[in-house]
Amino acid sequence: MDDLLREFVTETNESLDVVDVELVRFEQDPANATIINNVFRLVHTIKGTCGFLGLPRLEALAHAAEALMGRFRDGVPATSEAVTLILATIDRIKRILESLEQEQREPDGGDDDLIAGLTRMAAGLDPKQPAQAADQTVGTLVHQVLERPLLPGEDSLDDLERAFRATAVEAPQRRAPLAGSVKDDEQKQANQSIRVSVETLERLMTMVSELVLTRNQLLEIGRRHDDSEFKTPLQRLSNVTAELQEGVMKTRMQPIGNAWQKLPRIVRDLSNELGKQIELEMQGAETELDRQVLDLIKDPLTHMLRNSADHGLETPAERRAAGKPERGHIRLSAWHEGGFIIIQVADDGRGLDTERIKAKALAQGLAGEAELDKLGESQIHKFIFAPGFSTATEVTSISGRGVGMDVVRTNIDQIGGTIDVRSVPGVGVSFTVKIPLTLAIVSALIVEAGGNRFAIPQLAVVELVRAHGGSEHRIERIRDTAVLRLRDKLLPVARLSHLLGIAPAGPAGFDSGFIVVTQVGTQTFGIVVDAVFHTEEIVVKPMSSMLRHIAMFCGNTILGDGSVIMIVDPNGIAQALGSTATTHLQGAAAAADTARAERAEEATSLLLFRAGSNQPKAVPLSLVTRLEEIDAHKIELSNGRHMIQYRGQLMPLVAMDERVRVRSEGAQPLLVFSDGVRSMALIVDEIVDIVEDRLDIEIAGGAEGVLGSAIIKGQATEIVDVGHFLPLAFEDWFRRKERPAVVRRRAILLVDDSPFFRNMLAPVLQAAGFDVTAVGSGAEALAHIDDGRPVDIVITDIEMPEMDGFALTQALRRHPRSAELPVIALSSIVSAEAIARGREVGFHDYVAKFDRQGLIAALKEQGEFGQAA
Amino acid sequence: MNGDNGTIREYVTAEIGGELIGLPILRVQDVFIPEAPTQVPLAPPEIAGVLNLRGRIVTLIDMRRRLGLATEEAGKAPLAIGVETRGESYGLLIDAIGEVLRLGDETREPNPVNLDPRLARVSAGIHRLNDRLLMVIDVERVLDIDVRSMAA
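Chains as they are written, first to last, in our numbering: chain A, 1 to 869; chain B, 1001 to 1152.
Pulled out of the complex, with its shape left as it was, chain A reads as follows (with noise of 0.2 Å):
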């Protein structure tokens, strides 16, 4: 009794779970009787089941659940209001079921209030009596005097006199040729799935682990038996172990979609108890993971649903004012990044409003005023997360119950996970949840360092670089900075041992072995191996609570010939390489756009370098093209200039600084900035470091060729005006684009707050062939071109006090002069929501803040737009 109990109930929760996703399709879709059979065959043999295990409450509640799905059968259309009365029924079904399962007995108490109601329903929407004669018997039945009150669930004779024609209607209904083809799926169904307990499968899981190990041993001894006659059956046994192993460990992967499952009911509920219309997107169902992880993730990802329904969505009218369609939008994805599954859940609502968290963070004593002026908004927006905070002023019955954001927290730092926030006002806020693969199944490539063997995620390797001297991505060393040459681009790399303190000893050379090209967000950077094997498949298992600190790793795994190796954390190796990147690496928590704004707009990579004096010096690393030491003896003098021979043509050198001496033997540190097909060299007198840090110009520079003095790494840095020495190389580098047959140069009016970027930006424009305003704000914009002047193209920042880049746009389009301008806005956020809304807006294009390559190329679209029309 009690296995068949057990089976019973499982079976039965499983089959109100599909009850009602299936309802609420059901709901939207009335005029589909697959989806009504197939819900009534369900709630029928749940019904016939109860009957038969001696259950009367369940039994009753799905009598009359069941009675009122017959009417929809029957062609009645589908009430909301009964389909809320319904999913209520199984509500309770469960509640009934979950102490039945606890206490092997039906829980105390009646169901009247349901069957009362459903009942009424039932009778209410029949089509062929009035409502009123519902109760009567109509026919020849005897009238019938009950001897005692009839329990919850019994039906008088009456009712079942009823139910007998009722069922008789239904017979034929049965054979109906629909019906067959629901008889076949379901046939189908029972086929492709058993029921197998976790036990099972890990006991499955230990053995086949075990058979591995032999294989091995197996087939080491066929090894130093050179022509064995067991060498073919071998053979297959190892390749047939493999398949078993892969078989078994993917048996404990499940789709995410089946924690989903709840949530289009949830949805629903919501949207009639909240009076919104919402749809609810999914995407990546499919995504698997550790059904261990998956079970851990459910809750949350439900509070953050109701979350985002509750307060991130408007109500209609709130949204028909702003503009947006009247029905919300949810979108839950689910994908692999890296070694991660990223889980996020994105609404279109109103977003976060910064300015309540601030003052609810005041008020809780989270931080001060001082401390909260200094912060951006999406640091003020990290602070739901924090214990005990909640924006909502009302409690409401969704989601306001005191228990916040903080709770999805703590759950998902319980699984290892990470959260991040991110808000657009009016457009949006999508929660990114990150859960490491821990226990997931990941393709990983196997590689060695320092004599030991690593996994690598695959799905943060870009590609592998093989390195030797001659080849044409080489690494260069200069002092301590490794950097490799990719295709004209520098990018950071360490060697794996180093990283790990496993390098044998003596100095480390870089002329042998292979660069994994490794991207984490946006950064990419190296890690050189010894060696590289192959790609395999690893079940990622939980490093021991004695070794999870080790942040280079995120777990290790058994090897198909049962060894055990670590798994490098590409995070942990970005962090070690970035240092100051870490906390925005921690923080953003994935979503790429997310990690990208961040740190674009956070950070900036620097390289470090001294010239002339002990200040340390810097200039963006994306402007610099190429580093190179170079032998002294190649500088030449020629009209008074240095130059060197370099890929062919003359190259001219300039001294940073008059105090810099030009060396005369040994080794001469360049920077070399290239346009085109024309590089110049500054000379420096050593590069120190590459540096990802935020870039802030504290006091604004004096002396030439210096844009300001920023605190880099703790020391005060001067940021380098590249700008400056461009024109000291070749005099005509900002004018040589003027001989081209352009009648006009075409006048580009760069719209920037920040000083840097103008002086950053404006040679670069103009060494493509453009004159040049600068401004620093939305209303010089507007004010230089009502001055008349000529402006063929706008670029401008997004984010700018006062006037910021969108209604800078929507104040030029209101302008008939300049109503047609192409303007092309640049910022650190390139997210698809802010595109969006840059295009809804009236830019012509979006590109990002470094991209210079990109720039050129969408002013060249622009201006040839601009020509054409």
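Careful: at least some of the hints might be erroneous.
[Claimed, not checked] Computed from the model, here is a short list of chain B residues facing chain A with C-beta under 8 Å:
#, residue
1, I1025
2, Q1029
3, T1038
4, Q1039
5, V1040
6, P1041
7, R1054
8, G1055
Source of the hints: derived by calculation from the structure; they are not laboratory data.
Beta carbons: idealized from backbone N, C-alpha and C, even for Gly.
Keeping the supplied structure of chain A fixed, place chain B upon it in accordance with the hints.
For chain B alone, kept in the frame of chain A given last:
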């Protein structure tokens, strides 16, 4: 060895660096030969590596280092005692495995106050045997390696 006034406990005994230690028998899963352990870079020095034991990843604890014994031969031990805590498997490296002893409370004494603190932090008391002393190992405390200081 029959304790009239105390409970009899069973201990698995083992030799490590010349010391005789005893582990409560119920804590001991198995005794195995640690074959081909994988070194873990950046790990605390007490961790002698990890290995695959019947499909489970076992973390090896170098008992010599853990107990602060002579470290010349650290990491080299022919045997390991398998224990489990909070769902994780560990192997305590030892030199030799001894017999199982049934000991009563009457031979048990608290840690002498002058016991080396490195031993005292993992010892749950000392049993007076006829010819030598047996240190009872508190498995939880052996596994409570302070990783936070290592992380810095």
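Would the stated hint for V1040/B survive a check requiring a Cβ distance to chain A of less than 8 Å? 6 Å, holds
The hint names Q1039/B as touching chain A; please verify it with the least Cβ-Cβ distance against 8 Å. 6 Å, holds
Any CB of chain A closer than 8 Å to the CB of Q1029/B? It is violated, given that the least Cβ distance between Q1029/B and chain A is near 14 Å, above 8 Å.
Identify whether the interface hint at G1055/B stands, where standing means a beta carbon of chain A within less than 8 Å of its own. The hint holds - G1055/B has a Cβ within 8 Å of chain A, the shortest such distance being about 3 Å.
For the hint on T1038/B, does the least C-beta distance to chain A fall short of 8 Å? 5 Å, holds
Minimum Cβ distance from P1041/B to chain A below 8 Å? 4 Å, holds
Would the stated hint for I1025/B survive a check requiring a Cβ distance to chain A of less than 8 Å? Status violated, d = 23 Å.
Would you settle whether the hint for R1054/B is holds or violated, based on the nearest Cβ-Cβ distance to chain A being less than 8 Å? Holds - the Cβ of R1054/B comes within 8 Å of chain A, reaching about 6 Å at its closest.
The earlier numbered hints that this structure contradicts are 1 and 2.
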